[in-house]
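**Student:** Next come the chains, spelled out residue by residue.
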Amino acid sequence: MKKLITGLVLLGAVANAVAQKDDSSIDTFVNNGGVESLRGKAELNETRQSDKMKRVLKDRDVVERNYVHQPPVIPHQIRGYKVDLKSNKCLSCHGWKYAKKVGATKVSPTHFETRDGMTLSDISPRRYFCQQCHVPQVDAKPLVKNDFKAVKSLSYK
Amino acid sequence: MNMLKKIWLILKTPTSAAVGFVIALGFFGGVIFWGGFNTTLELTNTEEFCIGCHEMGDNVYQEYKETIHYANRSGVRATCPDCHVPKDWTHKIIRKIAASKEVWGKITGIIDTRDKFQEHRKSMALREWKRMKDNDSRECRNCHNFEYMDFSEQGSRSVKMHSTALASGEKTCIDCHKGIAHELPDMKDVEGWH
Chain V
1 MKKLITGLVL LGAVANAVAQ KDDSSIDTFV NNGGVESLRG KAELNETRQS DKMKRVLKDR
61 DVVERNYVHQ PPVIPHQIRG YKVDLKSNKC LSCHGWKYAK KVGATKVSPT HFETRDGMTL
121 SDISPRRYFC QQCHVPQVDA KPLVKNDFKA VKSLSYK
Chain G
1 MNMLKKIWLI LKTPTSAAVG FVIALGFFGG VIFWGGFNTT LELTNTEEFC IGCHEMGDNV
61 YQEYKETIHY ANRSGVRATC PDCHVPKDWT HKIIRKIAAS KEVWGKITGI IDTRDKFQEH
121 RKSMALREWK RMKDNDSREC RNCHNFEYMD FSEQGSRSVK MHSTALASGE KTCIDCHKGI
181 AHELPDMKDV EGWH
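Listed in order, the protein sequences are those of chains V and G. Residue numbers are given in my numbering: position 70 of the first sequence equals residue 70, and the series is strictly consecutive. Residue numbers are given in my numbering: position 150 of the second sequence equals residue 150, and the series is strictly consecutive.
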């Protein structure tokens, strides 16, 4: 009987050790196999040091569009500009009432249309949240080489 | 004991005391009273005091923590009283007396939940905007002095506004800079908003 108990205890200890060894070899499962991606050489299970924050470009002239129907990008900073159900800071300049006075681009009348093509008397709810399509720009270089050229007809030059 | 009786007699019948003594007593009494009054007043002029009430600490203070007047590149801060309490004495006392209504509001719990606060946000905001408009944004100008604004350092959009409407006195800071430290209420029918 004593021998049996000792045997069971030994078996348990060995099983435990094997199980622990399995745990420690978890690293082999997250090894990316030396593949380098856009996020660098970092392994999947380690936290890579983050990139530097990009700065949003300050006031500049209108940025040319690259293709027809591209939502124009925002050529200025928008820190703290709230757009919610209570207020819309963008429309304080880009709304028709104010645009001419402050020299801002008027919001296009296409924004007055519902998805059924009905024209409303004010901004349509589906087009109300400006930053869904219009975004400010940061001074970032393209991650990969890009030969895309804008269509000539949209150029201001 | 005799000494104490004498002092008490003088205090009871001031006419028997020397004029100089009475004046000195009044002077030092005044110093202590005024010092105490001012210290207490300044104590109510700190951020800790303002956010001591959960109404301020849980609502406006949390919103303010997201803004540039709380955290910025140079670490200069504008705390609650910098914007909401005038700096010079006369206006400060007037504001402080008006603020006694806020004590009543605290006792009756007029904004003691987030919902109640949101319900009252517009009326409170309108009142504060009117105060700032009426005093030509005096509290803003304690730090933001127009005389020393360098337009060459400002963004082109800022220059366009500051060199015209602000320079001529046609507009004042708060006319455009609403909601810079707290969330905005429903801006329907507010001038300059869509």
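Honestly, the hints are just simulated from the structure, not real lab data. The beta carbon of each residue, even a glycine, is placed where N, CA and C say it ideally should be. Take these hints with a grain of salt, some might be off.
Now the stretches of chain V that chain G is said to cover, found in silico as 3 or more residues with beta-carbon under 8 Å [unchecked claim]:
(1) 69-79
(2) 98-106
Dumping the calculated BS3-like pairs for lysine-lysine here, alpha-carbon to alpha-carbon at most 25 Å [as the list claims (entries may be wrong)]:
(3) G:K116 - G:K87
(4) G:K188 - G:K133
(5) V:K82 - G:K188
(6) V:K41 - V:K106
(7) V:K54 - G:K65
(8) V:K89 - G:K160
(9) V:K82 - G:K65
(10) V:K100 - V:K89
(11) V:K101 - G:K133
(12) G:K96 - V:K86
**Student:** CA of V:K41 to CA of V:K106, is that 25 Å or under?
**Tutor:** Distance of about 46 Å is beyond 25 Å: violated.
**Student:** Please verify the coverage claim for the region 69-79 of chain V: does it have three or more residues whose C-beta sits within 8 Å of some C-beta in chain G?
**Tutor:** holds (count 3)
**Student:** Given the proposed pairing of V:K54 with G:K65, does the C-alpha separation stay at or below 25 Å?
**Tutor:** holds (22 Å)
**Student:** Within a Cα-Cα threshold of 25 Å, do G:K188 and G:K133 meet the stated pairing?
**Tutor:** holds (19 Å)
**Student:** So if I understand the rule, the pair passes when the alpha-carbon distance is 25 Å or less; does V:K89 with G:K160 pass?
**Tutor:** holds (18 Å)
**Student:** Between the alpha carbons of V:K100 and V:K89, is the straight-line distance 25 Å or under?
**Tutor:** holds (16 Å)
**Student:** Is the hinted pair V:K82 and G:K65 satisfied, with a Cα-Cα distance of at most 25 Å?
**Tutor:** Holds - the C-alpha atoms of G:K65 and V:K82 are around 15 Å apart, at most 25 Å.
**Student:** Would you check the hint for V:K101 and G:K133, treating anything up to 25 Å between C-alpha atoms as holding?
**Tutor:** holds (22 Å)
**Student:** Between G:K116 and G:K87, is the straight-line Cα distance small enough, at 25 Å or below?
**Tutor:** Since the Cα atoms of G:K116 and G:K87 sit roughly 31 Å apart, the hinted pair is violated (cutoff 25 Å).
**Student:** For G:K96 and V:K86, compute the direct alpha-carbon distance and say whether it is at most 25 Å.
**Tutor:** Outside the cut-off at roughly 31 Å; violated.
**Student:** Taking 8 Å as the C-beta cutoff, is the stated coverage of the region 98-106 of chain V by chain G satisfied by three or more residues?
**Tutor:** Coverage by chain G holds for the region 98-106 of chain V (3 residues, Cβ < 8 Å).
**Student:** Take the C-alpha atoms of V:K82 and G:K188, compute the straight-line distance between them, and say whether it is at most 25 Å.
**Tutor:** holds (14 Å)
The structure is inconsistent with the numbered hints 3, 6, 12, although it conforms to all the rest.
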